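Trainee: Model the full structure from these sequences, guided by the hints.
Residues 27 to 331, numbered by my numbering, are exactly what the sequence shown covers, in order.
Honestly, the hints are just simulated from the structure, not real lab data. Keep in mind that this is a model prediction, so the values were computed, not measured. C-beta: ideal position from N, C-alpha, C; glycine also. Hints should not be assumed to be uniformly reliable.
To be verified - Listed next, the in silico SDA-like pairs over lysine to any residue satisfying Cα-Cα at most 25 angstroms (straight line):
#	residue 1	residue 2
1	Lys323	Met310
2	Lys323	Tyr313
3	Lys323	Leu278
4	Lys323	Ser311
5	Lys323	Ala308
As the list claims (entries may be wrong) - Pair by pair, the computed Cβ-Cβ distance ranges are:
#	residue 1	residue 2	range
6	Gln240	Gly136	20 to 28 angstroms
7	Gly136	Ala208	27 to 35 angstroms
8	Met195	Gly142	39 to 47 angstroms
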Amino acid sequence: MDLVLLIEQLLNGLQFGVMLFLMAAGLTLIFGVMGLINLAHGSLYMVGAFAAAAVASATGSFTLALIASLAAAAIAGVIVEMVVIRRLYDRDHLDQVLATFALILIFSEGTRWVFGSFPLYLDVPSALSGAVDLPFGISYPAYRLAIIGIGFVVAFGLFLLITRTRIGMRIRAGESDREMIAALGVNIAVLYTAVFALGAALAGFAGALVGAIQSVQVGMGEPVLILAFVTIVIGGIGSIRGAFVGALLVGLTDTMGRVLLPVLFGAFMNPSAATSIGSALASMSIYILMAAILLFKPTGLYGSA
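Mentor: Quick look at the structure:
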């Protein structure tokens, strides 16, 4: 494998990782503050992607499409939290899983009813449609570089929000002792709704960004949701820093595994068998990584007991 291909795959892994972070950050906030297992988080990712595709088709503006993804996912999140989720906080996790699984079915069928069963397509904005020349003779898509940059900016913004603002102080206090902050006069219902809306908006934003790379279709959020759960388990539940580090680890492990493992096995067997075995092991690699980390640090890299 030459250096150019290696660097390109590292960049692909970073792009995949920051997309996972946008999903995992909202998920870890919701679970850390509310103690809620939200299987419908992937549906909010899908809502954002469909909203962006619809607005981009109607207006031709990618910027408006991104704004629409944030707004649509946040509004959907507020409605879901107030109508359904609010009744689940004091229930056990099995009830939460069953209720949010039902929401997946409702969102999927509702989206299919509104937009149809055929996939939609979101075009890359013209300003980012070309490639950027990088050192070592590498030419890499500008849009993927933009996703990497946006992911790092959002991560920094979330860090400042959680650690430097009053709402962040309340979120951190809600993770530690929700009864105490309620007793101190904080409206816990409003706090929960705000956190859920923020997590939903991040998921929708991720869906809109990825929608310009792949097709926008019903059910697109569920595979990403699984990886987001892996990410927050690796990083530590409730930790934004852990979600960021875990997302980068998952993205790089998955991407590099799909490239390096077939090459490794190709030295011992025929190319077709090496590709098949290497791809299978690459799909397992992130779960092997998760198991190895939990073996030595059961709370995740940055989680607390």
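Trainee: Each hint should be assessed against the structure and marked as holding or not.
Mentor: Against the structure, the hints:
| no. | hint | verdict |
| --- | --- | --- |
| 1 | Lys323 <-> Met310 | holds (20 angstroms) |
| 2 | Lys323 <-> Tyr313 | holds (15 angstroms) |
| 3 | Lys323 <-> Leu278 | holds (20 angstroms) |
| 4 | Lys323 <-> Ser311 | holds (18 angstroms) |
| 5 | Lys323 <-> Ala308 | holds (23 angstroms) |
| 6 | Gln240 <-> Gly136: 20 to 28 angstroms | holds (21 angstroms) |
| 7 | Gly136 <-> Ala208: 27 to 35 angstroms | holds (34 angstroms) |
| 8 | Met195 <-> Gly142: 39 to 47 angstroms | holds (45 angstroms) |
Against the hints set out earlier in the document, no violation occurs for any number.
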